[in-house]
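What follows is the residue order along each chain.
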Amino acid sequence: MDEPDFDQIVSDYYQPLYRFALSLAERESEACDLTQQTFFLWASKGQQLRDRSKIKSWLFTTLHREFLGSRRRTTRFPHHEIESVERELPPVTPATVNEMDAATVMQALMSVDEVYRAPLMLFYLEDHSYLEIAAVLEVPIGTVMSRLARGKTQLRGLLADSGAEERKIVPLDLRQAI
Amino acid sequence: MNNDEAKFILRAYRPGGQDAADPQFTEALAQARRDPELARWLAEQTALDTVIGGKIQSVPVPADLKASILAARNIVPLRQRSWWQRSIHPVAAAASLAVTFATVGYLALHEPPEPTADLARFTQDITDYLGKGYGVLPRHAHLATTDASYFGSQSYRMNYRSPNLDDIRQWLAANGGHGEFVSPTGLKKPLNLGCGVMDWRGRRITLIAFQTGRTLPQDKVHLVIINSSDLPDPPARGQPRFNEGGDWTTVAWSDGSLTYFLLAPGDRQAVGKYL
Chain C
1 MDEPDFDQIV SDYYQPLYRF ALSLAERESE ACDLTQQTFF LWASKGQQLR DRSKIKSWLF
61 TTLHREFLGS RRRTTRFPHH EIESVERELP PVTPATVNEM DAATVMQALM SVDEVYRAPL
121 MLFYLEDHSY LEIAAVLEVP IGTVMSRLAR GKTQLRGLLA DSGAEERKIV PLDLRQAI
Chain Y
1 MNNDEAKFIL RAYRPGGQDA ADPQFTEALA QARRDPELAR WLAEQTALDT VIGGKIQSVP
61 VPADLKASIL AARNIVPLRQ RSWWQRSIHP VAAAASLAVT FATVGYLALH EPPEPTADLA
121 RFTQDITDYL GKGYGVLPRH AHLATTDASY FGSQSYRMNY RSPNLDDIRQ WLAANGGHGE
181 FVSPTGLKKP LNLGCGVMDW RGRRITLIAF QTGRTLPQDK VHLVIINSSD LPDPPARGQP
241 RFNEGGDWTT VAWSDGSLTY FLLAPGDRQA VGKYL
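Residue numbers (our numbering), protein chains in the order written: chain C, 1 to 178; chain Y, 1 to 275.
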């Protein structure tokens with residue numbers, strides 16, 4: 001079987017991996033480092049992966065493990081049972097979010113509790129199903145769904161706050177005209 | 001399944017429709033088709049997810065990241081077939097062995113003597129290692145642990161990172177490094193820290209990187225520590241030795257049983273502020 005070319009794997013995945021890393025680490029330099037370290041590990045250990053269709057999951061899982069390792073995490077994330085998290089959500093519409101720039105949306109996402117941030121980011125990096133997210137984060141499916149639901153609720157609130165903040169800022173010339 | 005349960009499940013439903021055939025969503029989607037209120041909720045949720053996903057996927061990636069990853073490929077151990085896995089022509093193999101023996105014999109007779117591991121050599125090796133970017137590794141310096149054998153565009157790979165100086169000390173103390181080091185006055189409150197334990201010409205040395213600002217690699221200062229007894233000519237106590245060259249300045253000094261070597265971008269004045 002033809003082996004995927006290293007350059008091709010880098011081209012295919014370095015951008016979503018970087019964005020995932022940025023959402024976790026919150027700092028560009030650390031995100032670059034995590035991304036680079038992930039490809040380093042791929043270069044040195046990736047050949048052990050027999051199922052080549054799992055390269056994407058391998059890369060994201062490895063990056064996540066590297067992040068957790070770097071934080072020397074000792075406390076375990078709470079396991080939330082499936083439950084209703086529906087409540088009154090802050091008013092935020094697609095149009096509101098569409099007016100925001102990517103940095104504002106990313107900033108809101110990075111303000112979500114860390115435990116919800118990783119599944120949310122993988123979800124919004126689109127190619128990841130809840131099953132893949134569960135595999136990458138190494139948590140049960142129910143936990144993924146719970147974290148997605150709670151994380152989206154938090155994100156929605158943060159986006160609503162961001163939208164409200166943006167509306168408070170009035171360009172100087174307009175203010176003078178009022 | 002009530003609507004709350006359906007919403008809980010559908011929050012994991014991707015807006016692109018990739019999950020439409022997934023049995024996990026079948027019942028919840030069917031319920032949305034029957035219930036107009038749930039259908040409205042799903043449409044709004046999907047639209048919002050589409051917009052958020054689009055924003056997230058447009059977050060810019062550093063322009064040089066891909067080039068850095070590909071450049072690092074040349075110095076990380078990519079998969080290589082073992083010699084017995086390669087098909088080598090017997091004549092070529094014999095010729096190769098002959099050349100190898102001849103080369104080894106020549107080097108045994110003609111290899112220049114090992115340079116003295118003194119402060120000048122230490123300065124030169126560490127400056128080569130840290131100051132010239134990735135891929136430049138002095139012949140006699142190698143990282144003590146395999147996990148650290150990594151060089152990136154912004155830095156080599158640290159063994160351990162933490163924003164907390166005490167964490168760094170503890171890690172170094174537990175891993176054969178110089179955990180008892182005295183941090184220079186101007187480096188007491190870095191944004192982040194990384195450290196590694198290395199081997200330099202058979203001497204154990206400690207490398208600490210201080211991130212002092214947001215602009216990398218300019219805002220990175222390196223401190224390398226070695227036992228003064230491992231150098232024949234350590235700097236005299238209280239008499240730091242500066243060495244300006246290129247874009248970097250180094251300064252070496254001794255304190256107690258340790259010799260410190262600090263390397264930072266800029267001139268003598270810029271580096272002096274850290275002491």
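Hints in this document: simulated from the structure, not taken from any laboratory. Don't take each hint at face value.
[Unchecked claim] Below, computed lysine-lysine pairings styled on DSS-like, alpha-carbon distance capped at 27 angstroms:
hint, chain 1, residue 1, chain 2, residue 2
1, Y, 273, Y, 189
2, C, 45, Y, 273
3, C, 45, C, 56
4, Y, 66, C, 54
5, C, 56, Y, 189
6, Y, 188, Y, 66
[What the hints assert, rightly or not] So the derived list for chain C, only partly shown, Cβ under 10 angstroms to chain Y, looks like this:
hint, residue
7, 40
8, 54
9, 154
Glycine is no exception: its CB is placed at the ideal position from the N, C-alpha and C atoms.
Here is what the structure says about each hint:
no., hint, result
1, Y:273 x Y:189, "holds, 14 angstroms"
2, C:45 x Y:273, "violated, 43 angstroms"
3, C:45 x C:56, "holds, 14 angstroms"
4, Y:66 x C:54, "holds, 21 angstroms"
5, C:56 x Y:189, "violated, 38 angstroms"
6, Y:188 x Y:66, "violated, 34 angstroms"
7, 40, "holds, 5 angstroms"
8, 54, "violated, 17 angstroms"
9, 154, "violated, 12 angstroms"
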